[in-house]
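Undergrad: The residues making up each chain are set out below.
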Amino acid sequence: GESVGLHLPTLSVQEGDNSIINCAYSNSASDYFIWYKQESGKGPQFIIDIRSNMDKRQGQRVTVLLNKTVKHLSLQIAATQPGDSAVYFCAETPNTGNQFYFGTGTSLTVIP
Amino acid sequence: GAVVSQHPSWVICKSGTSVKIECRSLDFQATTMFWYRQFPKQSLMLMATSNEGSKATYEQGVEKDKFLINHASLTLSTLTVTSAHPEDSSFYICSAREWGAGGNQPQHFGDGTRLSIL
Chain H
1 GESVGLHLPT
11 LSVQEGDNSI
21 INCAYSNSAS
31 DYFIWYKQES
41 GKGPQFIIDI
51 RSNMDKRQGQ
61 RVTVLLNKTV
71 KHLSLQIAAT
81 QPGDSAVYFC
91 AETPNTGNQF
101 YFGTGTSLTV
111 IP
Chain E
1 GAVVSQHPSW
11 VICKSGTSVK
21 IECRSLDFQA
31 TTMFWYRQFP
41 KQSLMLMATS
51 NEGSKATYEQ
61 GVEKDKFLIN
71 HASLTLSTLT
81 VTSAHPEDSS
91 FYICSAREWG
101 AGGNQPQHFG
111 DGTRLSIL
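Respectively, the protein sequence lines represent chains H and E. Just so we're aligned, residue 1 is where the first sequence starts under my numbering, counting upward by one. Just so we're aligned, residue 1 is where the second sequence starts under my numbering, counting upward by one.
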């Protein structure tokens, strides 16, 4: 079956530094990718998405990069703040159907 | 936009009790809603996919008679944990997906329900 995995289960960064969270996926048919942020005791919150016809998309302080050749997805957070501390999940889905595949998650800790 | 409300946020009840959790899309119509279970420090585990007006599709290993799902309208899905036991204690999260004119749309999640069975 499909698998979506993260390279690093935990990540600690200094406040103000940039963070990079990585994700690998295995389904070549996937064409839509999403990053979610989950704070303790809450549901995942949509951060940013990207379709397979793009390789980069920017939001407010966040950038998602997609490398379809090596099936790799990354989330970059600029000037990381304490409020960015959370677990980050990547998710991917093929164009057909409703099935989303979630990664294991990376716990980001921002050190003040 | 795209707000999903889940209620209740925390339930503590005795073993054998049935518990109903509601999931509402507040500002969009959700033809499809999803129910997940999440254990501490783990990813989301899909339990079932619920389509409005039809029976839910359950994932392998999820008991249909244990976890009853109803999706009677485009804005409401409910999950009922019947005769709950301590092993059913978990964090349950719903999500909803709106089909947009532009194609793929993300799932939007509720804030989860912490279920504790004594």
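Certain hints may be false.
Far from chain H, some chain E residues (derived; all Cβ distances over 12 Å) [claimed, not checked]:
id, residue
1, Ser15
2, Gly16
3, Thr17
4, Lys20
5, Gln29
6, Gln42
7, Leu44
8, Val62
9, Leu68
10, Ala72
11, Thr75
12, Glu87
13, Gln105
14, Asp111
Pair ranges (Cβ atoms, derived) [said to hold, decoys possible]:
id, chain 1, residue 1, chain 2, residue 2, range
15, E, Ser83, H, Gly59, 13 to 23 Å
16, E, Asn70, H, Ser12, 20 to 30 Å
17, H, Gln60, E, Ser83, 41 to 51 Å
18, H, Gly59, E, Ser9, 39 to 49 Å
19, H, Gln60, E, Ser5, 43 to 53 Å
20, H, Gln45, E, Lys41, 46 to 56 Å
21, H, Ser12, E, Leu118, 32 to 42 Å
22, E, Pro8, H, Gln58, 36 to 46 Å
23, H, Asn27, E, Gln60, 39 to 49 Å
24, H, Gln81, E, Val3, 22 to 32 Å
25, E, Lys66, H, Gln58, 18 to 28 Å
Hints listed in this document are in silico derivations from the structure and should not be mistaken for laboratory results. We put the beta carbon where it would ideally sit given N, CA and C, even for glycine.
Undergrad: Now tell me if each hint is right for this structure.
TA: Structure-based check of all given hints:
1. Every CB of chain H is more than 12 Å from the CB of serine 15 (chain E) (nearest about 24 Å), matching its label as outside the interface.
2. No beta-carbon of chain H comes within 12 Å of the beta-carbon of glycine 16 (chain E); the shortest separation is about 26 Å.
3. Chain H leaves threonine 17 (chain E) outside its interface by the beta-carbon criterion, the shortest separation being 22 Å against a cut-off of 12 Å.
4. Remark: the non-interface label on lysine 20 (chain E) is consistent with the geometry, its nearest Cβ contact in chain H lying 18 Å away (cut-off 12 Å).
5. With a closest Cβ-Cβ approach of about 15 Å to chain H, glutamine 29 (chain E) is found to remain outside the 12 Å limit, as its non-interface label requires.
6. Non-interface call for glutamine 42 (chain E) relative to chain H: violated, since the shortest CB-CB distance, roughly 8 Å, does not exceed 12 Å.
7. Listed as a non-interface residue, leucine 44 (chain E) fails to keep its Cβ farther than 12 Å from every Cβ of chain H; the least gap is roughly 5 Å.
8. With a least beta-carbon separation of about 15 Å from chain H, valine 62 (chain E) lies farther than 12 Å from that chain, consistent with its non-interface assignment.
9. Leucine 68 (chain E), annotated as away from the interface, keeps every beta carbon of chain H farther than 12 Å; the closest lies near 20 Å.
10. Its beta-carbon lying about 19 Å from the closest one in chain H, alanine 72 (chain E) satisfies the requirement of being farther than 12 Å from that chain.
11. A cut-off of 12 Å between C-beta atoms confirms that threonine 75 (chain E) is not in contact with chain H; the least separation is 17 Å.
12. Every CB of chain H lies more than 12 Å from the CB of glutamate 87 (chain E), the least distance being 21 Å, so the non-interface label holds.
13. Not every CB of chain H lies more than 12 Å from the CB of glutamine 105 (chain E), the least distance being 9 Å, so the non-interface label is violated.
14. For aspartate 111 (chain E), the requirement that its beta carbon stay farther than 12 Å from each beta carbon of chain H is not met, with the minimum near 5 Å.
15. Between serine 83 (chain E) and glycine 59 (chain H) the Cβ separation comes to about 45 Å, which falls outside the hinted range of 13 to 23 Å.
16. In this structure the hint that asparagine 70 (chain E) and serine 12 (chain H) lie 20 to 30 Å apart at CB is violated, the actual value being about 43 Å.
17. At roughly 46 Å, the beta-carbon separation of glutamine 60 (chain H) and serine 83 (chain E) lies within the given 41 to 51 Å, and the hint holds.
18. At about 28 Å, the beta-carbon gap between glycine 59 (chain H) and serine 9 (chain E) misses the expected band of 39 to 49 Å.
19. Distance hint check: the CB atoms of glutamine 60 (chain H) and serine 5 (chain E) are about 25 Å apart, inconsistent with the given range 43 to 53 Å.
20. Separated by about 18 Å at the C-beta atoms, glutamine 45 (chain H) and lysine 41 (chain E) break the suggested range of 46 to 56 Å.
21. Checked against the given bound of 32 to 42 Å, the beta carbons of serine 12 (chain H) and leucine 118 (chain E), roughly 37 Å apart, stay inside it.
22. At roughly 38 Å, the beta-carbon separation of proline 8 (chain E) and glutamine 58 (chain H) lies within the given 36 to 46 Å, and the hint holds.
23. The beta-carbon spacing between asparagine 27 (chain H) and glutamine 60 (chain E), approximately 18 Å, falls outside the hinted interval of 39 to 49 Å.
24. In this structure the hint that glutamine 81 (chain H) and valine 3 (chain E) lie 22 to 32 Å apart at CB holds, the actual value being about 24 Å.
25. Our hint of 18 to 28 Å for lysine 66 (chain E) and glutamine 58 (chain H) is violated, since their Cβ atoms are close to 44 Å apart.
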